[in-house]
Amino acid sequence: MGRKRDQRNILIGVLLIAIVVMSVGYAAFATTFTIGGTATIPNSWDVAITNISVTNTTGNATSTTSTYTATTATFAANLTAPGDSIEYTITVANAGTTDAKLQQLVPVITGDAPAINFSFVNPPQANSILKSGEVLTLKVVATFNSKFEGIVSPDANSKAITITLDYVQSN
Amino acid sequence: MMKQSKFISIFITIFIYLLISNLFLIGKFNAIYYLWINPIFWIILFLICMILKKGYKRYKNKINNIQKVIIIVLFYIIIYFLLGLIFGFQYSPYQHDILSVIKNIWQYIVIIIFEEYIRNYFISISKNKVDIILTTILFIFIGINFNALFSNINNMSSLFQYFSSTLLPLIFSNALCTYLCKIGSYKLSLFYKIPIELIYIISPIFPNLNFLLNGFMNIILTALIYVFISYDYQKSEQQLSRIKKQNPFLFVPILLLGIILICFTVGVFKYQPMAILSNSMVPTYSRGDIVVYSKPDTKELENLDLYNIIVYRLDDMIIAHRIVEIQEKNGETLYITKGDNNPTKDSKKVKKQDIIGIVKLTIPFIGYPTVWLNELFN
Numbered sequence: 094m095g096r097k098r099d100q101r102n103i104l105i106g107v108l109l110i111a112i113v114v115m116s117v118g119y120a121a122f123a124t125t126f127t128i129g130g131t132a133t134i135p136n137s138w139d140v141a142i143t144n145i146s147v148t149n150t151t152g153n154a155t156s157t158t159s160t161y162t163a164t165t166a167t168f169a170a171n172l173t174a175p176g177d178s179i180e181y182t183i184t185v186a187n188a189g190t191t192d193a194k195l196q197q198l199v200p201v202i203t204g205d206a207p208a209i210n211f212s213f214v215n216p217p218q219a220n221s222i223l224k225s226g227e228v229l230t231l232k233v234v235a236t237f238n239s240k241f242e243g244i245v246s247p248d249a250n251s252k253a254i255t256i257t258l259d260y261v262q263s264n
Numbered sequence: 013m014m015k016q017s018k019f020i021s022i023f024i025t026i027f028i029y030l031l032i033s034n035l036f037l038i039g040k041f042n043a044i045y046y047l048w049i050n051p052i053f054w055i056i057l058f059l060i061c062m063i064l065k066k067g068y069k070r071y072k073n074k075i076n077n078i079q080k081v082i083i084i085v086l087f088y089i090i091i092y093f094l095l096g097l098i099f100g101f102q103y104s105p106y107q108h109d110i111l112s113v114i115k116n117i118w119q120y121i122v123i124i125i126f127e128e129y130i131r132n133y134f135i136s137i138s139k140n141k142v143d144i145i146l147t148t149i150l151f152i153f154i155g156i157n158f159n160a161l162f163s164n165i166n167n168m169s170s171l172f173q174y175f176s177s178t179l180l181p182l183i184f185s186n187a188l189c190t191y192l193c194k195i196g197s198y199k200l201s202l203f204y205k206i207p208i209e210l211i212y213i214i215s216p217i218f219p220n221l222n223f224l225l226n227g228f229m230n231i232i233l234t235a236l237i238y239v240f241i242s243y244d245y246q247k248s249e250q251q252l253s254r255i256k257k258q259n260p261f262l263f264v265p266i267l268l269l270g271i272i273l274i275c276f277t278v279g280v281f282k283y284q285p286m287a288i289l290s291n292s293m294v295p296t297y298s299r300g301d302i303v304v305y306s307k308p309d310t311k312e313l314e315n316l317d318l319y320n321i322i323v324y325r326l327d328d329m330i331i332a333h334r335i336v337e338i339q340e341k342n343g344e345t346l347y348i349t350k351g352d353n354n355p356t357k358d359s360k361k362v363k364k365q366d367i368i369g370i371v372k373l374t375i376p377f378i379g380y381p382t383v384w385l386n387e388l389f390n
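Listed in order, the protein sequences are those of chains P and A. Residues in the first sequence are numbered from 94 upward in steps of one, following my numbering. Residues in the second sequence are numbered from 13 upward in steps of one, following my numbering.
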């Protein structure tokens, strides 16, 4: 029994060393790793996008995609003529137990429709606080640029945007 | 004071506290609640239980079991972080300055110590299985963040996500902690819970795991600890003399198979399964079948040909239809698709960037559970 106990202690030591080596390795190579976004941690940290919906459309605007994860919202708007616009509302909830601070809001636009523009309505500023229990709504509007003079191809009238919201713990 | 009346008094105290917290305190004094009110409540209750406490049952193999719990938890932590090499890493949302770390330890770890002590006290004064089950249910309720429950769940798919990533692991974890308290002491459950919570607080990065895999990993951890500890406990209680001994290592291949299956389902490998929801491709495959598709690389996309069955995204849907025409327009290849059972071609042309797979294999019928679940959710 005593020998088995010693063997287990050795195993615990080896596992702890493995964890230390992994930590040291991370510290040494942190700059070369590709690390993206902010993680969602079970139980205590729970800041996440909880909904995305189309709240207003004008003209013949349609929404082709709207998906979200905890930290990103992606949607694509189909606009064909001046006057077309579509408004999306993204809901972010802090259901965790600590206040959260917006580290960055990153929009990435994809698609080859030069006439479509995206704009934010009163976007939250960097370092703005989302208190525990609070809900934030972020409005994004896609509009067809009325000054656009080119020809709109039926295969190129859609543009997508992915918005990443990175929240961290507020002190 | 009789054991049963102690049990009922403390049970009701916690129940009323939970009720007041969720109906009034959390909404009104959110920050103060988590930083002060909640820890102080558990400290007071801990002190009361200490005063009321009488000798616990001693369990001989406590050190051995603590060692086993530590080994399994350390293995779990290593595997959890190694998964980041497959899925990528994400930054921790927690601050790592010394004050924030202390604050987080106070809010999340100190409470675990008091909670587990009180759970242990409950178990020590429980008279029957019903008391033990009630204790477990009470602690599951303590672990539920009702705030998150009501603000995050707005449709059936978010309910499923909450159930599989949070609620199910919480139920397993509490069942295990109760079991550990019953056969050993609260120290066993502390050695299970604290290292993991500590890693959440101090680690600067986390693997970017799918919610399903996250939940599954937590369940695997509880299952492994249960299997190894219960084996030793039964042996020590000499309960296995008439029962065939089951080596706990026999469970390892089953768990490995489970991990591989989950990885396959969530798309870690080149091949991924998909359940078919409609009959648009009959007779090739029909509703309730599973198709396995391969994720194409650039070369495979270039070599796509007529009559290949492709899996592609269209709006919020994923469709698996056959290519019936290929067009070139402004240097871009567009694929026209059609379901074998549909009278007309699909109206939307598919671009290369919308293609996520090429169907390689069909397995009949086994997709029905997914189909039913999908119908239930939508």
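Keep in mind that the hints were calculated from the coordinates and are not lab data. Keep in mind the model is a prediction, meaning the values are calculated, not measured. Hints are not guaranteed to be accurate.
What the hints assert, rightly or not - Covered stretches of chain P, going by a simulated chain A footprint (3 or more residues, C-beta under 8 Å):
| id | segment |
| --- | --- |
| 1 | 144-153 |
| 2 | 208-219 |
| 3 | 228-242 |
What the hints assert, rightly or not - Every beta carbon over 10 Å from chain A, so not counted as near; a handful from chain P, in silico:
| id | residue |
| --- | --- |
| 4 | 96 |
| 5 | 111 |
| 6 | 112 |
| 7 | 115 |
| 8 | 140 |
| 9 | 158 |
| 10 | 178 |
| 11 | 261 |
C-beta: ideal position from N, C-alpha, C; glycine also.
Unsatisfied constraints (hint numbers, rising): The structure conflicts with hints 1, 2, 3, 5, 6, 7, 8, 9, 11, although it agrees with all the remaining ones.
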